[in-house]
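Colleague: What follows is the residue order along each chain.
Protein chains: 2
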Amino acid sequence: MKSFGYAAHDKKSALVPFRFERREPGPKDVVVEIEFSGICHSDIHQVRDEWGGSIYPMVPGHEIVGHVTAVGGAVTKFKVGDPAAVGVIVDSDRVCENCVAGEEQYCIKGAVETYNKLDYEGKPTYGGYSNNIVVDERFVHTISPKLNSAAVAPLLCAGITTYSPLRHWKVGEGSKVGVVGLGGLGHMGLKFAHSFGAHVVQFTTSESKIADAKRLGADEVVVTKDAAALAKHAGSFDFILDCVSAPHDVNQYLNLLRLNGTLCLVGLPETPVSVAPFSVVANRRSLAGSGIGGMKETQEMLDYCAEHNIVSEIELTSIDKLAEAYERVVKADVKYRFVIDMATLPKS
Amino acid sequence: MKSFGYAAHDKKSALVPFRFERREPGPKDVVVEIEFSGICHSDIHQVRDEWGGSIYPMVPGHEIVGHVTAVGGAVTKFKVGDPAAVGVIVDSDRVCENCVAGEEQYCIKGAVETYNKLDYEGKPTYGGYSNNIVVDERFVHTISPKLNSAAVAPLLCAGITTYSPLRHWKVGEGSKVGVVGLGGLGHMGLKFAHSFGAHVVQFTTSESKIADAKRLGADEVVVTKDAAALAKHAGSFDFILDCVSAPHDVNQYLNLLRLNGTLCLVGLPETPVSVAPFSVVANRRSLAGSGIGGMKETQEMLDYCAEHNIVSEIELTSIDKLAEAYERVVKADVKYRFVIDMATLPKS
Numbered sequence: 001m002k003s004f005g006y007a008a009h010d011k012k013s014a015l016v017p018f019r020f021e022r023r024e025p026g027p028k029d030v031v032v033e034i035e036f037s038g039i040c041h042s043d044i045h046q047v048r049d050e051w052g053g054s055i056y057p058m059v060p061g062h063e064i065v066g067h068v069t070a071v072g073g074a075v076t077k078f079k080v081g082d083p084a085a086v087g088v089i090v091d092s093d094r095v096c097e098n099c100v101a102g103e104e105q106y107c108i109k110g111a112v113e114t115y116n117k118l119d120y121e122g123k124p125t126y127g128g129y130s131n132n133i134v135v136d137e138r139f140v141h142t143i144s145p146k147l148n149s150a151a152v153a154p155l156l157c158a159g160i161t162t163y164s165p166l167r168h169w170k171v172g173e174g175s176k177v178g179v180v181g182l183g184g185l186g187h188m189g190l191k192f193a194h195s196f197g198a199h200v201v202q203f204t205t206s207e208s209k210i211a212d213a214k215r216l217g218a219d220e221v222v223v224t225k226d227a228a229a230l231a232k233h234a235g236s237f238d239f240i241l242d243c244v245s246a247p248h249d250v251n252q253y254l255n256l257l258r259l260n261g262t263l264c265l266v267g268l269p270e271t272p273v274s275v276a277p278f279s280v281v282a283n284r285r286s287l288a289g290s291g292i293g294g295m296k297e298t299q300e301m302l303d304y305c306a307e308h309n310i311v312s313e314i315e316l317t318s319i320d321k322l323a324e325a326y327e328r329v330v331k332a333d334v335k336y337r338f339v340i341d342m343a344t345l346p347k348s
Numbered sequence: 001m002k003s004f005g006y007a008a009h010d011k012k013s014a015l016v017p018f019r020f021e022r023r024e025p026g027p028k029d030v031v032v033e034i035e036f037s038g039i040c041h042s043d044i045h046q047v048r049d050e051w052g053g054s055i056y057p058m059v060p061g062h063e064i065v066g067h068v069t070a071v072g073g074a075v076t077k078f079k080v081g082d083p084a085a086v087g088v089i090v091d092s093d094r095v096c097e098n099c100v101a102g103e104e105q106y107c108i109k110g111a112v113e114t115y116n117k118l119d120y121e122g123k124p125t126y127g128g129y130s131n132n133i134v135v136d137e138r139f140v141h142t143i144s145p146k147l148n149s150a151a152v153a154p155l156l157c158a159g160i161t162t163y164s165p166l167r168h169w170k171v172g173e174g175s176k177v178g179v180v181g182l183g184g185l186g187h188m189g190l191k192f193a194h195s196f197g198a199h200v201v202q203f204t205t206s207e208s209k210i211a212d213a214k215r216l217g218a219d220e221v222v223v224t225k226d227a228a229a230l231a232k233h234a235g236s237f238d239f240i241l242d243c244v245s246a247p248h249d250v251n252q253y254l255n256l257l258r259l260n261g262t263l264c265l266v267g268l269p270e271t272p273v274s275v276a277p278f279s280v281v282a283n284r285r286s287l288a289g290s291g292i293g294g295m296k297e298t299q300e301m302l303d304y305c306a307e308h309n310i311v312s313e314i315e316l317t318s319i320d321k322l323a324e325a326y327e328r329v330v331k332a333d334v335k336y337r338f339v340i341d342m343a344t345l346p347k348s
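As they're listed, the protein sequences go chains E and S.
Residues 1 to 348 in the numbering used here are what the first sequence spells out, letter by letter.
Residues 1 to 348 in the numbering used here are what the second sequence spells out, letter by letter.
Please keep in mind that the hints were generated in silico from the structure rather than gathered at the bench.
Incorrect hints may appear among the rest.
Repeated chains share a single entry, so a pair holds when one copy, or any two copies, can fit it.
Said to hold, decoys possible - Cut-off 30 Å, straight-line C-alpha distance, at most; resulting in silico cross-link-like pairs (DSSO-like, lysine-lysine):
hint: 1; residue 1: Lys232; residue 2: Lys123
hint: 2; residue 1: Lys11; residue 2: Lys28
hint: 3; residue 1: Lys117; residue 2: Lys232
hint: 4; residue 1: Lys170; residue 2: Lys109
hint: 5; residue 1: Lys28; residue 2: Lys321
hint: 6; residue 1: Lys109; residue 2: Lys232
hint: 7; residue 1: Lys321; residue 2: Lys11
In this text the structure is predicted, and so the values were computed from the model without any measurement.
Turn these sequences into a full structure, and let the hints steer you where they fit.
Modeller: Structure below.
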């Protein structure tokens, strides 16, 4: 099937128009015409080969919203015209214990990511900076027409990445929760933790974000350079969601956890984090990590968002302004996620 | 009350005989005449001020076994002549939420350690390298006369430090558990994990320990310099108890954990551990820590040991050979814990 999008051809050049082929849809496949595609910081890391092993040409994008234009004969969840969404993974082995448990993101064989991966036949996957995508319906989600489609796109990565650990560690009424960093991930973690009924403290390096954090649901905001303000919260948190991808000191947050508390990394700093053993031995704390969520939980999250009217805060951009958007993401100068209006993609 | 023991007077000198005063026993206090005192690696760290803040003169020792020679009028658990044991802490505030939950080791005010601490009246505490100790009965444990008293002493620190996390993370039949390091802590972790019915893999740097590990209960032994042997276990462990106090790479063990697995540090390396974020994000793993156990759980552990005939493997030594014992502990040349026969203490 013919596709058209924007691709990186090496780690230094700008993304340029790119014509390529996707597989013809099989019986279980859904063809989604893409209307909106979110820009995740990991797109930039991979385009620039900052994690190593990048596959070029690369069509990034794993926060995909559109509508269905064709379905295979065995598809049951979708019909032509339905709104639909695709996230970070497009396949998994489906038979390992993790897949059977609905945790396809931790597939033991290795899940197939939406772009910059080889599928199980050895062919590269291409993501959402394009006009269409072909995906097995198991990895396609239904979305509500009630929500702003553009603002739904970031839920497929930033949304589920924060929703899943908050659910796994049972954040809810009576919990005291911290969210570190107010960016693409952090602002979604803040919205969810607030919605779940927790008392939420937003940590930020920037005084300019205090008002915004309160508007988005924070009960308290701590500017992290204020050591006294941090110390006031020592030993008091049940759970802290660390959404920062830049190198930072996790011990100052570990020390804020009460007995059996967990700090969960979702921001994926490029360098190792340094943990003082006493930071975890005291109060029997844990430093954990979490990656996106399974297909069932992703659908649950999208349904929850429709019910509670939760979407991402976004800035809409156009495909010809990718370079500018990338620069602003790197500088954390976006409130809080760029979404590409794919109507701006030239008609082949 | 007059006491006599061995003390360090500064961080460089050998321990020497030392005469000092303990408080007169109050209504809730128990006086224990000390028969055996274990040597913990943390004694050496504190004698040498390797953690900073050491208080001199210091009488080390927090693995204490003896018998009761006097009780206050309000004591209910003990009578004169009973065997008794004292561990790492001798007081806590008793009213904070952690104390009320039976987790006095995580007392929010700060538990009073058995030596090298100031008690709540500001007086230094002195440990078990001495002829007697005065402790509130809440912090004194009953022990069974069925077990070898000398070999019980290390249960008070090495025993509870490994028992508690294995219980907290619900290790038992059907669990696959790793124990890293076969020393004072590791050999107790191995015995407990085996006794709880887990499949236990002992990790060691030393081929010479393979036979001993199997004798102590290991189902498998992996020599950690064998990368292929490690790789065979990737993603397969429910829980790993890391008993190594020397700097080491925790990522190679984190990568052996399956979905939701936990690696728990009990060895307290002096330098921070370096955690690659992907090591915890993959399989939603946790790096945790744990310190000793509460009073209720310590008693439960001692009762469990009596019922299952579990004690430490020890080498008995005498108070005049402390310097030699310390040197051998530092070189990990002891199978697996030194215990001082306090009958070798001169009669004042």
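Colleague: None of the hints should be skipped; say for each whether it holds.
Modeller: Now for the hints, and whether the structure bears them out:
For the homomeric pair Lys232 and Lys123, the shortest alpha-carbon distance between copies (28 Å) is at most 30 Å, but the shortest distance inside one copy (53 Å) is not. With identical chains, the CA atoms of Lys11 and Lys28 are never at most 30 Å apart, being 35 Å at best within one copy and 72 Å at best between copies. For a Cα distance limit of 30 Å, the shortest separation of Lys117 from Lys232 across copies, 25 Å, qualifies, whereas the shortest one inside one copy, 45 Å, does not. In this assembly of identical chains, the alpha carbons of Lys170 and Lys109 lie at most 30 Å apart whether taken from the same copy (28 Å) or from different copies (28 Å).
Taking the shortest Cα distances, Lys28 and Lys321 never come within 30 Å of each other, neither inside one copy (35 Å) nor across copies (76 Å). Taking the shortest alpha-carbon separations for Lys109 and Lys232, only the inter-copy value of 15 Å comes in at or below 30 Å, while the best intra-copy value is 45 Å. Within a single copy, Lys321 and Lys11 get their C-alpha atoms as close as 18 Å, which meets the 30 Å cut-off; across copies the closest is 64 Å, which misses it.
Of the numbered hints stated above, those contradicted by the structure are hints 2, 5, listed in ascending order.
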